[in-house]
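> Protein sequence lines correspond, in order, to chains A and B. Taking the numbering used here, the leading residue of the first sequence gets 1, the next gets one more, and so forth. Taking the numbering used here, the leading residue of the second sequence gets 1, the next gets one more, and so forth.
Worth flagging that the hints you see were computed from the coordinates, not collected in a lab. Do not rely on the hints blindly, as some may be mistaken.
Covered by chain B, per the in silico footprint, the following chain A stretches (three or more residues, Cβ under 8 Å) [stated by the list, open to error]:
| hint | segment |
| --- | --- |
| 1 | 71 to 79 |
| 2 | 232 to 242 |
| 3 | 314 to 323 |
Here are the simulated SDA-like pairs of lysine to any residue, each with C-alpha atoms no more than 20 Å apart in a straight line [stated by the list, open to error]:
| hint | chain 1 | residue 1 | chain 2 | residue 2 |
| --- | --- | --- | --- | --- |
| 4 | B | 88 | A | 77 |
| 5 | A | 258 | B | 23 |
| 6 | B | 88 | A | 185 |
| 7 | A | 23 | B | 54 |
| 8 | B | 88 | A | 460 |
| 9 | A | 29 | B | 16 |
| 10 | A | 23 | B | 13 |
| 11 | A | 29 | B | 58 |
| 12 | A | 23 | B | 55 |
| 13 | B | 56 | A | 77 |
| 14 | A | 115 | B | 84 |
| 15 | B | 56 | A | 82 |
| 16 | B | 24 | A | 47 |
| 17 | A | 258 | B | 26 |
| 18 | B | 24 | A | 71 |
| 19 | B | 88 | A | 36 |
| 20 | B | 88 | A | 57 |
| 21 | B | 24 | A | 268 |
| 22 | B | 24 | A | 369 |
| 23 | B | 88 | A | 258 |
| 24 | B | 56 | A | 23 |
| 25 | A | 53 | B | 26 |
| 26 | A | 115 | B | 55 |
| 27 | A | 23 | B | 57 |
| 28 | A | 29 | B | 90 |
| 29 | A | 29 | B | 84 |
| 30 | A | 115 | B | 87 |
| 31 | A | 306 | A | 460 |
| 32 | B | 56 | A | 114 |
| 33 | B | 56 | A | 52 |
Here are some, though not all, of the chain A residues that point toward chain B, as calculated from beta-carbon distances under 10 Å [unchecked claim]:
| hint | residue |
| --- | --- |
| 34 | 15 |
| 35 | 88 |
| 36 | 261 |
| 37 | 263 |
| 38 | 265 |
| 39 | 269 |
| 40 | 294 |
Source: prediction; values computed, not measured. Think of the CB as a built atom: it goes at the ideal place given N, C-alpha and C, for glycine as much as any other residue.
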Amino acid sequence: MISPAIVNLIYLLSATLFIMGLKGLSHPKSAVRGNLLGAIGMFLAVIVTLVDKQIITYDLIIIGILTGSIIGTVFALTIKMTAMPQMVGLFNGLGGGASLLVAGAVLLEAALLQKGPGLQFTIATCASGLIGAVTLTGSFIAFGKLQGLVTEKPVRYKGEQIVKVLLLLASIYVSVLIVLNPHITMYYWILTGIAGLLGIFLVLAIGGADMPIVIALLNSYSGLAAAATGFVLSNYVLIIAGSLVGASGIILTKIMCKAMNRSLANVLFGGVGAVLEKADESDIYEGKITSTSAEEVAMLLESSRKVAFVPGYGMAVAHAQGMVRALSEELEKNGVEVSFGIHPVAGRMPGHMNVLLAEENVPYDKLLELDIINPRFKDMDVVIVLGANDVVNPVARKENNPISGMPILNVDQAGTVIVIKRSLSPGFAGISNPLFAADNTLMFFGDGRAKMEELVKAYKEL
Amino acid sequence: MGDFAVLLTIFVLAIFVGFEVITKVSPILHTPLMSGSNAISGITLIGAILSAGSQKTQVTMILGLAAVIFATINVVGGFVVTHRMLRKFRRKEE
């Protein structure tokens, strides 16, 4: 047995490793080490907890850790990179669920021992149950949406906000009941049930393109749930680690909101994508769309010095990233300078496009963020937009439309813009895109992967 | 300082540390940062272990077991998948 002081010192060491780990994770060069430091911190915390005197039997712990490790490792090693958003969502939900269960178990214990728990304990238990349940069900709905099991469209209906407000009020009411009667543990499970419903309704109402924000927010919640559990157990390392993750999730959420020029409240409760305004497409597009062929694009590329790719969620759906890499390599062989313009909210989770392209061995110094690549578009000979729409829509520079003020990639400033897309259908924002009708835009209609394949072939044959 | 005040102090300071540490995250790493920090939020595993091993009642032990499984998937899966992703992030001549 080791003394509580030593246990707490080891927890302090773990917390320090978590901080250094997160710091490492924010820069490409130190990221691998950062992740390892975090894992070591976790390992230390678990080991020192196992020798804690409160533990009487190890059977269940060993069964649980073995089962969880096997399932987690198999998932993590077999999952395709394209399915990464779902995976992150799922892990998130499990973390929230674990916090909820721990708080419930501790409350039950206190009730059985007829301890008169203090206010800190009961309030923290309620917070843990509430946030944990919202994280659990919200993440599972997000998983369902990304996996295609639940509709990607925002589910909106009359009185939708009232339903959510009522569920929140009900959760608070039951929380008060728990604080007043901590020995009636049934209230706790009622609370988690109601909060679980709240999580479902919150995320159901959010559409596919807003997923990066939701995933970042749920990431933050899973941390806050762990911190709340830390208050339940009066455990320092839970509070520190939980609040670090809570803070990092909030920062990511803010970055994502800024990249869409929307407030978090607008994403959660606003109606973007809900009512598709019937834009008069014939007006904008008629007679102004120029279609192109693989041969024509290949010839354009032949005479180019600088080329950029701008991928969107469509690239992920079509699994076209391998062909993008292939074309970029062919271009570089001929001395063309190739870069990639990545919008922060392209895809379904923060950094989605970067992961897909890194998986294809595209070096990360070619993946340029908005502020860096935007001034360079005017010097580009050709920009290939693949499966992106709203993030390149120049309408964002104008007032009074769903994407007004959203920072976009200024691809329209390039010499020629090639848009690879199935049809002229609008993006998530539901508005038409004047870029498609611009004089310097050529539309290359079809499936992203098939068209890229044709393009690679045509370029090689030149 | 009472126990609660100490815990609250730690909580508030840790939030600020989190903000400071993450603020300048490279956009390239948004996904790994998320999955890595997600794995760290599995720290609730500590609480789960204490519940599963306390042998107070069968119900709390079963709740604890479920929590241990959930949290371990979160922790192990999270760190492994982050490592797998990060190994793919390379500069040109590496």
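> Each hint should be assessed against the structure and marked as holding or not.
Going down the list of hints, with the structure as the test:
1. Counting residues of the segment 71 to 79 of chain A whose beta carbon lies closer than 8 Å to any beta carbon of chain B gives 7, which meets the minimum of three for the stated coverage.
2. Using a Cβ-Cβ cut-off of 8 Å, 11 residues of the segment 232 to 242 of chain A lie near chain B, which meets the minimum of three, so the contact claim holds.
3. With 0 residues carrying a beta carbon less than 8 Å from a beta carbon of chain B, the segment 314 to 323 of chain A misses the three-residue requirement, and the given coverage is violated.
4. Distance check on the hinted pair: residue 88 of chain B and residue 77 of chain A sit about 14 Å apart at the alpha-carbon level, within 20 Å; holds.
5. Among the hinted pairs, residue 258 of chain A with residue 23 of chain B is consistent with the structure: their alpha-carbon atoms are about 14 Å apart, no more than 20 Å.
6. Taken as a hint, the residue 88 of chain B and residue 185 of chain A pair is broken in the structure, with Cα atoms around 47 Å apart against an allowance of 20 Å.
7. As the CA atoms of residue 23 of chain A and residue 54 of chain B are separated by approximately 35 Å, the hinted pair breaks the 20 Å bound.
8. Of the supplied pair hints, the one linking residue 88 of chain B and residue 460 of chain A is violated, its CA atoms being roughly 27 Å apart against a limit of 20 Å.
9. Restraint check: the Cα-Cα separation between residue 29 of chain A and residue 16 of chain B comes to about 24 Å, which exceeds 20 Å; the hinted pair is violated.
10. The suggested pairing of residue 23 of chain A with residue 13 of chain B holds, with an alpha-carbon distance near 16 Å, which does not exceed 20 Å.
11. For the hint linking residue 29 of chain A to residue 58 of chain B, the alpha-carbon distance of about 48 Å lies beyond 20 Å, and the restraint is violated.
12. About 38 Å separates the Cα atoms of residue 23 of chain A and residue 55 of chain B, which puts this hinted pair outside 20 Å; it is violated.
13. Restraint check for residue 56 of chain B and residue 77 of chain A: not satisfied, since their Cα atoms lie roughly 37 Å apart, outside the 20 Å limit.
14. For a cut-off of 20 Å, the pair hint linking residue 115 of chain A to residue 84 of chain B is broken: about 46 Å separates their Cα positions.
15. Only pairs whose Cα atoms come within 20 Å are accepted, and residue 56 of chain B paired with residue 82 of chain A is rejected, the gap being roughly 44 Å.
16. Our distance criterion of 20 Å between C-alpha atoms is broken by residue 24 of chain B and residue 47 of chain A, whose separation comes to about 32 Å.
17. The hinted pair formed by residue 258 of chain A and residue 26 of chain B meets the criterion: a straight-line CA distance of about 15 Å does not exceed 20 Å.
18. Between residue 24 of chain B and residue 71 of chain A, the direct Cα distance comes to roughly 33 Å. Violation of the 20 Å bound is thereby established for this hinted pair.
19. Between residue 88 of chain B and residue 36 of chain A, the direct Cα distance comes to roughly 15 Å. Compliance with the 20 Å bound is thereby established for this hinted pair.
20. Restraint check for residue 88 of chain B and residue 57 of chain A: the C-alpha separation of about 41 Å exceeds 20 Å, so the hint is violated.
21. Between residue 24 of chain B and residue 268 of chain A, the direct Cα distance comes to roughly 25 Å. Violation of the 20 Å bound is thereby established for this hinted pair.
22. With a C-alpha separation of about 13 Å, the suggested pairing of residue 24 of chain B with residue 369 of chain A holds against the 20 Å cut-off.
23. Simply put, residue 88 of chain B and residue 258 of chain A have alpha-carbon atoms about 28 Å apart, too far for the 20 Å limit, and the pair is violated.
24. For a cut-off of 20 Å, the pair hint linking residue 56 of chain B to residue 23 of chain A is broken: about 40 Å separates their Cα positions.
25. Between residue 53 of chain A and residue 26 of chain B, the direct Cα distance comes to roughly 43 Å. Violation of the 20 Å bound is thereby established for this hinted pair.
26. Proximity of residue 115 of chain A to residue 55 of chain B is assessed by CA-CA distance (about 17 Å); at most 20 Å being required, the pair is judged to hold.
27. The straight-line distance between the Cα atoms of residue 23 of chain A and residue 57 of chain B is roughly 41 Å, outside the 20 Å bound, and the hint therefore fails.
28. Using a Cα cut-off of 20 Å, the hinted pair residue 29 of chain A and residue 90 of chain B holds, with the two alpha carbons roughly 9 Å apart.
29. Only pairs whose Cα atoms come within 20 Å are accepted, and residue 29 of chain A paired with residue 84 of chain B is accepted, the gap being roughly 15 Å.
30. Pair hint residue 115 of chain A plus residue 87 of chain B does not hold up; C-alpha atoms about 50 Å apart against a cutoff of 20 Å.
31. The straight-line distance between the Cα atoms of residue 306 of chain A and residue 460 of chain A is roughly 18 Å, inside the 20 Å bound, and the hint therefore holds.
32. Between residue 56 of chain B and residue 114 of chain A the alpha-carbon distance is near 13 Å, which keeps this suggested pair within the 20 Å criterion.
33. Restraint check for residue 56 of chain B and residue 52 of chain A: satisfied, since their Cα atoms lie roughly 15 Å apart, inside the 20 Å limit.
34. For residue 15 of chain A, the interface hint holds, the least distance from its beta-carbon to any beta-carbon of chain B being 8 Å, beneath 10 Å.
35. The beta carbon of residue 88 of chain A comes within 5 Å of a beta carbon in chain B, closer than 10 Å, and the hint placing it at the interface holds.
36. Contact between residue 261 of chain A and chain B, as hinted, is not supported at the beta carbon level, the nearest pair being about 17 Å apart and thus beyond 10 Å.
37. Violation of the interface hint for residue 263 of chain A is found here, the shortest Cβ-Cβ separation to chain B being roughly 19 Å, above the 10 Å cut-off.
38. Given hint, residue 265 of chain A at the interface with chain B, is violated; its Cβ is 20 Å from that chain's nearest Cβ, farther than 10 Å.
39. Interface restraint check: residue 269 of chain A against chain B, minimum CB-CB distance 23 Å, threshold 10 Å, status violated.
40. Look at residue 294 of chain A: its Cβ only gets to about 28 Å from chain B, farther than 10 Å, so that hint breaks.
The structure fails to meet hints 3, 6, 7, 8, 9, 11, 12, 13, 14, 15, 16, 18, 20, 21, 23, 24, 25, 27, 30, 36, 37, 38, 39 and 40 from the earlier list, while all remaining hints are met.
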